[in-house]
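Respectively, the protein sequence lines represent chains A and B. Under our numbering, the residues of the first sequence are numbered 23 to 651, in order. Under our numbering, the residues of the second sequence are numbered 10 to 406, in order.
What the hints contain is simulated information worked out from the structure, not anything from laboratory work. Be aware that one or more of the hints could be misleading.
As the list claims (entries may be wrong) - Simulated coverage check for chain B against chain A, where a stretch passes if three residues somewhere in it have a Cβ under 8 Å from a Cβ of chain A: (1) 12-24; (2) 83-91; (3) 140-154; (4) 217-225.
Glycine included, each C-beta is placed from N, C-alpha and C at the ideal position.
Here is how the chains run, residue by residue.
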Amino acid sequence: MADILRTAMTGLVAFQRALSTTGHNISNANTQGYSRQRVDFISRIPQPSGGGFIGSGTQVRTVERIYNAFVSGELMAANSAHSRLDAFYTLAARMDDMLADPQAGLSPSLQAFFNAVQDVADDPASIPARQTLLSEAEALADRFQSLGRGFAEVNEQVNERVKASVDHINSLAEGIAKLNDEIVRLSGGFGQPPNDLLDQRDMLLRELSQEIDVSTLVQDDGAINVFIGNGQTLVIGSQTNVLKAAGNVFNPTSMDVVFPGPAGNTVITSQLKGGALGGVLDFRREILDPARNALGRVALSVAETVNAQHREGMDLNGQLGLDLFAVGPPQVLPESGNTGTASVTAAVSDVGALTTADYVLSYDGVNYTLARADTGAAVPMTGSGSVADPFVAEGLSIVVGAGAAAGDRFSIQPTRTAANGFKTLISDPARIAAAAPVRTLAAAGNMGDGVVSAGEVIDSTDPNLLSPVTIQFTSPTTYSINGAGSFPYTPQSDIDVNGVRVQIDGAPATGDIFTIEANTGGVGDNRNALLMGVLPTTDILDGGTASFQDGYGRLVAQVGSATRQADVNLQAQSIVLSNAELAQESTSGVNLDEEAANLIRFQQSYQAAAQLIGVVDELFQTLMSTVRR
Amino acid sequence: MRVASQTIARQGVEAMQKLSAELARTQRQISSGRRMLSPSDDPAGSAQALALTRAIEQTGQHQRNAEIARNRLALEEEVMIGVGNILQRVRELALQANNATQTDETRGFIAAEVREMLDELYQLSNTRDSEDHYLFAGYSVRTQPFVRDAAGVQYRGDQGQRLLQIGQDRQIADGDSGARVFQLIRNGNGVFTTTANTANTGTGVIDEGSVVDPSLLVPDTYTVNFTTATDYEVLDSSAAVVASGTYADGNAISFNGIQFSISGQPAAGDSFTISPSVNRDVFAMLEDLITTLETGTFNETGRARLTNEVNTALTDLDRAIGHVLEVRTLVGARLSAIETQQDNNEGLTLQLKETLSGIQDLDYAEALTRLNQQLGVLEAAQQSFVRVQNLSLFNFL
Chain A
23 MADILRTAMT GLVAFQRALS TTGHNISNAN TQGYSRQRVD FISRIPQPSG
73 GGFIGSGTQV RTVERIYNAF VSGELMAANS AHSRLDAFYT LAARMDDMLA
123 DPQAGLSPSL QAFFNAVQDV ADDPASIPAR QTLLSEAEAL ADRFQSLGRG
173 FAEVNEQVNE RVKASVDHIN SLAEGIAKLN DEIVRLSGGF GQPPNDLLDQ
223 RDMLLRELSQ EIDVSTLVQD DGAINVFIGN GQTLVIGSQT NVLKAAGNVF
273 NPTSMDVVFP GPAGNTVITS QLKGGALGGV LDFRREILDP ARNALGRVAL
323 SVAETVNAQH REGMDLNGQL GLDLFAVGPP QVLPESGNTG TASVTAAVSD
373 VGALTTADYV LSYDGVNYTL ARADTGAAVP MTGSGSVADP FVAEGLSIVV
423 GAGAAAGDRF SIQPTRTAAN GFKTLISDPA RIAAAAPVRT LAAAGNMGDG
473 VVSAGEVIDS TDPNLLSPVT IQFTSPTTYS INGAGSFPYT PQSDIDVNGV
523 RVQIDGAPAT GDIFTIEANT GGVGDNRNAL LMGVLPTTDI LDGGTASFQD
573 GYGRLVAQVG SATRQADVNL QAQSIVLSNA ELAQESTSGV NLDEEAANLI
623 RFQQSYQAAA QLIGVVDELF QTLMSTVRR
Chain B
10 MRVASQTIAR QGVEAMQKLS AELARTQRQI SSGRRMLSPS DDPAGSAQAL
60 ALTRAIEQTG QHQRNAEIAR NRLALEEEVM IGVGNILQRV RELALQANNA
110 TQTDETRGFI AAEVREMLDE LYQLSNTRDS EDHYLFAGYS VRTQPFVRDA
160 AGVQYRGDQG QRLLQIGQDR QIADGDSGAR VFQLIRNGNG VFTTTANTAN
210 TGTGVIDEGS VVDPSLLVPD TYTVNFTTAT DYEVLDSSAA VVASGTYADG
260 NAISFNGIQF SISGQPAAGD SFTISPSVNR DVFAMLEDLI TTLETGTFNE
310 TGRARLTNEV NTALTDLDRA IGHVLEVRTL VGARLSAIET QQDNNEGLTL
360 QLKETLSGIQ DLDYAEALTR LNQQLGVLEA AQQSFVRVQN LSLFNFL
């Protein structure tokens, strides 16, 4: 009878355990990352008897964690991909919003500026019209600057996120290493899995995968090793390698991720994939940097072309036009490890040939070579790099000084900061060069019906630009210039003198005189303003295939479509993540109804086992009363 | 499939959040009236919208430019009408002065009226626009273009002509220089002029002549000399005789493709000059006429001189009137070109706006239907969430 009592006792103990596990499950129904637990019963070793083995009750074999490694791995991968897209999309959407507002974008300011130029062309002597043009120029500069600043702020944000991410990764790695240590110790000590610690470690891994793509390897002792990038070991057993965020070797304002390997620090930025950190880095490479360059290129081309035209004009004071705008110049950044002392400068030589790429100029001890920073593709250069004969490539002219050492490298960013430095240089409305510096006239005594064109400046730097020029016809088919030479006359062909180009049409008679003279007092002349006014519809960028507005429109479309793509992918990935979570919860999550049923089940079993003790007691009493008699 | 209690709550909340986000988006679309809230909603469309907005703005600017050109040309046209009227009146006066019934005194009155006309013309040539800029000074709009001095009326402006952008590829002149309007008028018949020597003693009167054969024309200054009262010879500038003949009253004299006739009674030693046309200004023409009218006639010879000079003045005035008409026609042509361009611009704007609206504007009917649908779905999701969440076996324990 003692064995029945023992059997009942084993049941009571086992069901108590089961009830407490059920309670544990219920209590943790809302705990993040908790895997439900189940008590595994096993029947005890039976007692041999003549009539065979008699069962001797139950015992708890183990408390099992309901967990599927495959499902959990899927969830980690989905998490990583989702976080990457989420980080990418959040930043891209910010850029998108900056460009989105029809009032705040660049386009309206650009149009307003050129409209003001046309208003000046309508009434070149009007000071109010000129004042408006200056205000619009200021507004345009403001817009370029604020967009440039906005993009620079996003870059700052990216840097902060990289730093924060690296810190977070390090602290998670630390946590995983600690848990590894404890798990190894506990599972070794008790021979049973420490379920709740495993759950905690899985939670940390899941959090880590939200920051960065990881791969894991479980060791025999229960520890888990974590790898990032191209197999760099983040956690091995209870040890971690601490990542660092450091400024780029060329550009300290751009953060890189550095891994402390056995062979010294390595920059692993380009190897990192997935997770929020991967998303942020992808965003910087795919959207932010190209967008900053594209905006800079628009700024640069507006300033350069408007300035070039403005310099060819004459202002109200009769002076040649000055530069109207200034922009941030191309940036040349030497690598931090350069051993030479050479200084390198870059300038824009041809706006039409300018790209939105960045470049790396390398010196091998003999020759300089230029390559695209993103693709590494070589870019052919002409010239020798001297001041007189600079290297010329893709719209840039590069001058290198002496003192470069073999292996020195320079990063060239032609347009990155152009928009940030965009400002107006003229504040006096009279200094707007709306007029052309020269005008033409046909002498009143001309007998022929030849007419001369209004004249166009082709070289405003010609020292004799404003000197009077007399074109006299020595016969109906020949003319002399300033009384010298005899040139054959072809109607409508270009006659270039002193940096001015005119055409004569019709049939001039012998002795007819056409004069080119300084446009003194020509305050009503709008020829230069007219030429400036058509710049926005002139195809200047990309080898003369795109206008400023096209260049800006492309930037908007690029950021827009990248954002849209990220959004669409994020939606899709959300479903993948949701499904992975569903699968994980379906396996490991707590269902309260199930637990309620278990509660009833184990309670009843417990009551039954208790009843068994009662039965033993009755049996015992029956036996005792029989004997007492 | 097992469903964790957490799953039910999580999925319910997620679904409601998603629906709320969609609802908020629809609401933003409705309140802004725009289909695209950011470029990412339709990247290609937003780039297109940028280009279209720019084109609309630009066309608007072209319309403004055209309006300004139209106003300036309208003013010029008005001035040209005034100039034409003055010249017509002067022509009538010149005809009247040539009438045999006029005396030196009445011609003096006519001369005074012509002088009035000259003053008025001078005023018109210095017309200023609403901005106080001279209309006929070329580029030098702050310089008074026509100034009187001892030698007559001088032009101080330049020959510049301002163009305004009234269409993407269309520029139009918003005026003409004073040189073009008031100077540079070819005198005589456009090829040559005929004048009588002021020392002539006969009563020969020469007409304006014409070119009968342009291929034979040799531009030069010719002199018709009457060797006797009935014989004449024509000399060129190097004193070589190119033609000679016997004079008959009113008969045509022709040589080198040139033809003219002399009437009346020229005396021996009288001469007439045929010289190539030159550019004159309208003020000088009027000054000459005034001088002619103010010079006494005294006798038949004087009468002939008057007739010859008035004839020259009439010929010149006809050229000037033709010239002014030509400028007016040109201005009119520009005005009608502007009108056509403005119509084109308007049509273009309408079309651009329509396209832009199609790209970025919201279809309200569709959006409101969508809003109702989303509201319904969200409400249903909320109700079902509450009911499902209330289900628990524990309620029955």
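Each hint, compared with the structure:
1. 12-24: Holds: 8 residues of the segment 12-24 of chain B have a Cβ under 8 Å from chain A.
2. 83-91: Violated - the segment 83-91 of chain B has 0 residues with a Cβ nearer than 8 Å to chain A, which falls short of three.
3. 140-154: Check passed, 9 qualifying residues.
4. 217-225: Coverage by chain A is violated here, the residue count being 0 at a Cβ distance below 8 Å.
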